[in-house]
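Enquirer: Given two chains presented individually in distinct reference frames, assemble the corresponding complex, making use of the accompanying hints.
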Amino acid sequence: MNFTLSYLLEQTINGITLGGLYALVALGYTMVYGILLMINFAHSELFMAGGYVGLGVLKLLADPAIAKGGLSFLAPMQAFFNSGTAGFVALIAVTFLISAIVVGLMGVFIERFAYRPLRHAPRLAPLISAIGVSIFLQNAALLWISSKQLPYSRADGTSFVPAKTAFTVFGVSVSTMQIMIIVTSLLLLAFLDTFVSKTRIGKAMRATSQDREAAGLMGVNINSVIALAFFIGPALGAVAGVFNGMYYGSVKFNMGFIPGIKSFTAAVIGGIGNLRGAMLGGFLLGIIESLASGFISNAYRDVIAFIVLILVLVFRPGGLLGEAVAEKV
Amino acid sequence: MAETVLKINDIHTFYGQIEALKGISLHVDQGEIVTLIGANGAGKSTTLRTISGLLAPRTGSIEFMGEVISGMPVHTVTAKGVIQVPEGRRIFPRMTVEENLGMGAFLRTKDPAGVQASMDHVFQLFPRLKERRTQKGGTLSGGEQQMLATGRGLMASPKLLMLDEPSMGLAPVVVEIIFDTIKTLNDQGITILLVEQNAAMALQIADRGYVLETGNVVLEGPGKDLLVNEQVRKTYLGET
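Listed in order, the protein sequences are those of chains E and V. In terms of the numbering used here, the first sequence is residues 1 to 329. In terms of the numbering used here, the second sequence is residues 1001 to 1240.
Looking at chain V on its own, in the form it has when it is part of the complex (with noise of 0.2 Å):
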C-alpha cells in the first residue's frame, strides 16, 4: 500500500460561534487523486483551508508526512510543499502572468534551474500562458485565470497540490482542459487533493472520494464506486 502523504484525525474548525467542521477525518495517499464532493456550506473549502493553514482547527490534528501541521502559520505550511489553489483563482490582478508564477515559487531561492524547469513545464501545459507571459493577471479570460492559478501553484513544486473547486464559473471546454490537466500531473506523479461541485466530473477521475454533508463526512469510498452509489446520484449528480 503506498505511503500516507496527508492524515486527517477528527479536526473541529470554527468561524467564530459557528462550527464548520464536525470532526472531520480523512487521508490521502501518495499519486492519489481523492476528491471532496458536496454541497455548498458542506465544509469543503473550509477543509482545504484548515489543511493549508488559512484557519486553524479547534481540535483535532493534521499530519503532513508523518509531522503534524495543523497550527503552522500558512506560509510554514507552503514550505512544506502543501500548496492550496485557491477558489475563485485568487490570481494577483496587477502582476503580469510571469510575475504571478513567479510569485509560486516564492520560497524556491535556492533552486533557480528548478524554478525555470517549472516554467518550461506550466508553458507547455497552458501554452496560452506562454503567448500572455507580458499581461497583467486581471486582463486574462477566468479560464486563463484558472491556468494560471494552476500553473502558480505548480511553480511550488507541490509534493501534493489542492484545487479548491477548478471548474467554478468556466465554460465546459475549459473545464475539460483543466480536469485534463489535473489527470496529466497526477499521471506525472502529483498527488491531489481536489474539491469540486462538479462531482460527477471529479469522481471520474479521483481514485477515492469523499462525501461532506455539513460538516461531517457521510460517505467515503474509491471514486467509481460514489459514481454508481445511489444516494450521491441523487443529491449531487442531478438524477432521479
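Bound-form chain E, shown alone (with noise of 0.2 Å):
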C-alpha cells in the first residue's frame, strides 16, 4: 500500500465517479420518501431495470451482429452511431433519453398499480408491496432475459464506450467514463435542485411533500404530482443503471441489491426527503468508500459505509441536511 498524493487523488476520483452514482440513485429514494413517506424498495430493481434497457438499446443501435441477425433494417442507422464522434455522442445521448424515459415510466406504472391503491392503506402495506415488486422484477429479469452476467458490450467484445482516458493530472489519468459519470450527474443534480425551487411544477412538488392535503387546496393534482416524483426517480436511477453498466461492463439480475442499499443509506446520511442531502450524502459516501477500500482494505468498503451510516444517526439523527422534524399526527 502507499500513501502518495496521487494515489489519494485517483481514489478520490474514483470516489467522486462512484457517489454521482449514488447521488442519482439516492434522489429517487428521497423524492419518494418526501412526498409518500415510503421507502421504495423497488427503486434498486428500477437502476437494474435501466442498465438492461440501455444495453437492449445499445446493441439495437450499435451492435453489428444485431443487425446481421435478422435485424437488417438497422444496419444504416449502426453505420451512423458506430462511426466518428458525432456518432457516439449521438448514441450515448440517445441511449440515455430511452432508458430514462422506459424506466421512469416503469416508476409511474408501479406506483398506479402497486402503490396508489394503498395510498390509505397502514403504511406498512406499500411497504410490502415494493418487496413484492423488487422481487418480482428481480425474477421478470431472471427469466425472461438471462440468470447470467451479460457483458456491456458488443457480441464481439467491443465495448460501447471506448477506454480512454481522458486526461492526467498529478500522474492520475482520469477516463472519459468517469468524466462523462461526474459531468452528468452533476448537470442531472443541478438541474433537479433548480427544477424544484424554481418552478411552478417544482413548487407543487415542494409543497406536497411539506402538506399533501394543504397542497391539494392550492389546486395541485396531488396524484399528478406524485406520478412526476415516481418518473423522475426512476428516470435518474436508469441513467446511473446506463452508467454502471457501462463503467463496471456488465449486468446482472440481481446488480440493483447492493447499490441500491448504499443509495439509500446516501439518502439517509443526508437526511432522507432533503435532495440536496440525497446529493451530499451520495457523493460522501462515494468518496469514504473508495478512500476506505484504497487505504484500508477492499474488503472492508462496506464496513466503512455504514459505521459512517450509525455515526450520523447517532449524532445527526435527521441526517446531515435533514431537519428535526416531529412526526405530524
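There's no promise every hint is true.
Per the computed footprint, the stretches of chain E lying under chain V, defined by three or more beta-carbons under 8 Å from a beta-carbon of chain V, are [unchecked claim]:
#, segment
1, 196–207
2, 307–320
Which bits of chain V does chain E cover? Going by a derived footprint, with three or more residues having C-beta under 8 Å, they are [claimed, not checked]:
#, segment
3, 1089–1098
4, 1101–1113
5, 1190–1201
To be clear, the hints were calculated from the coordinates, so they are not data collected in a lab. A virtual CB, placed ideally from N, CA and C, is assigned to each residue, including glycine.
Expert: Okay, here's the thing in C-alpha cells:
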C-alpha cells in the first residue's frame, strides 16, 4: 500500500464517480420518501432495469451482430452511430434518453398499480407491496432475460464506450467514462435542484411533500405530482444504471441490490426527504468508500460505509441536512 | 334576495364505518358571512372538508353556483373558487412567506397582474407578512401563520372563502385582528363560511349561523338571534 498524494487523488476521483451514481439513485429514494413517507424498495430494481434497457438500446443501435441476425433494417442507423465522435455522442444521448423514459414510465406504472391503491392503507402495506415489486422485477429479469452476467459490449466483445484516458493530473489518469459520469450527474443534480426550487411544478412538488392535503387545497393535482416524482426518480436511477453497466462492464439481474442499499444509506446520511441531502450523502458515501477501500482494505469498504451511517444517525438522527421535524399527528 | 352561492342538500359523510355527518343541509348566499358553530366532534370541520372535496359525501349533493361539485377532487373544487383555509393553518413550513402566498395562486397562471394585486392586498391587510416575506413559514408565530394561511387563501381570488377555526390557539389580541379582517374581507364582497368554536365572536360578525350537534343541524337563524337564543347561550356561550 502506498500513501502518495497521487494515490489519494486517484481514490478521490474514483469516489466522486461512485458518489455521482449513488447520488442519482439516492434522489429517487428521497423524492418518494419526501412525498409519500414511503421507502420504494423497488427503486434498486429500476436502477437494474435501467442497465438492461440501456444495454438493449446500445445493442440495437450499435451492435452489427444484431443487424446481421435478422434485423438488417438497423444496419444504416448502426453505421451512423458507430462512426466518429458525432455518432458516439448521439448514441450515448439516445441511449440515456430512451432508458430514462422507459424506466421512468415503469416507475409511474408501478406507482399507479402497486402503491396508489394502498395510499390510505396502513404504512406497512405499500412497503410490503414495494418489496413484492422488487422481487417481481428481479425474477422477471432472471427468467425473461438471463440468469447470467451479461457483458456491456457488442457481440464481438468491443465496448460501446472505449476505455480512454481523458486527461492526466498529477500522474493520475482520469477516464472518459469517469468524466462522463461526474459531469452528467452534476448536471442532472443541478437541473433537478433548479427545477424543484424555481419552477411552478417543482414548487408544487415541494408543497406536496411538506403538506399533501394543503397542497391539494391550493389546487395542486396530488396524483400528478406523485406520478411525476415516480417518473423523475426512476429516470435518474436508470441513468445511473446505464452508467453502472458501462463503468463496470456488465449487468446482472441482482445488480441493483447492493447499490440500492448504498444509495438508500446515502439518502439517510444526507437526511431522507431532502434532495440536496441525497446529493451530498451520495458523494460523501462514494468518496469515503473509495478511500476506505484504497487505504484500509477493499473488503472493509461496506463496513466503513455502514459505520458512517451509524455515526451520522447517532449524532444527527435526521441526517446531515435533515431537519428534526416532529412526526405529524 | 341574494343569489345562493353554496347549497348543501342532506349530505352524509363517513369516516370508515362512522357516520360523521348525518344529513346536513345548509346554504350560503352571495355576500354573506355564515358560521357553523358546535362542540368538538359536531361535524363542523367535516362539513368544510366535504365541501372542499377532501372528503366525499356518501349521499347527498353539494352545489356551488348551480353546479354540482360533490364528488369532484379537491383541486377541481379549488379551481371553481371554493377556497378552504384549513384548521391548524397548515402553511408550508419550509417555504418562505412569499412562496406560501405564491402557492395560494397556484392555479392563476394566466393572470399575473391579478396575482400581484392580490399579493398587494394581502400585504395591506397583514403588514406583518410583508415584513417577513423572505422568512420561512415554519418560523412564524401562530398568529402570523394564521395571517399567512388566510392570505394564502385570498391569493386564490376566492368566490367562497371557508375558514376553519381561524381563532384556534391564538392570543385574544390576534383573534381580534383575524375577526376584523374577516369582516373587512366580507365588506369587500367576499362570501364567507366560517367554522368556529369561539361561538360568541363568530355569531357577532355572522349574518346567519347553523348550530351543529353530532352530525346534524339542530338550530339555524340570523347570528343576532342565535346570540340571544337561550339554548345557544347555555351550551356554547358558557352562560348559566
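Enquirer: Now tell me, hint by hint, if it's right for this structure.
Expert: Status of the hints after comparison with the structure:
1. 196–207: holds (count 5)
2. 307–320: That given contact is violated, which follows from only 0 residues of the segment 307–320 of chain E lying within Cβ reach (below 8 Å) of chain V.
3. 1089–1098: Since 6 is at least three, the answer is holds.
4. 1101–1113: holds (count 6)
5. 1190–1201: violated (count 0)
Hint compliance for this structure: hints 2 and 5 are not met, and every other hint is.
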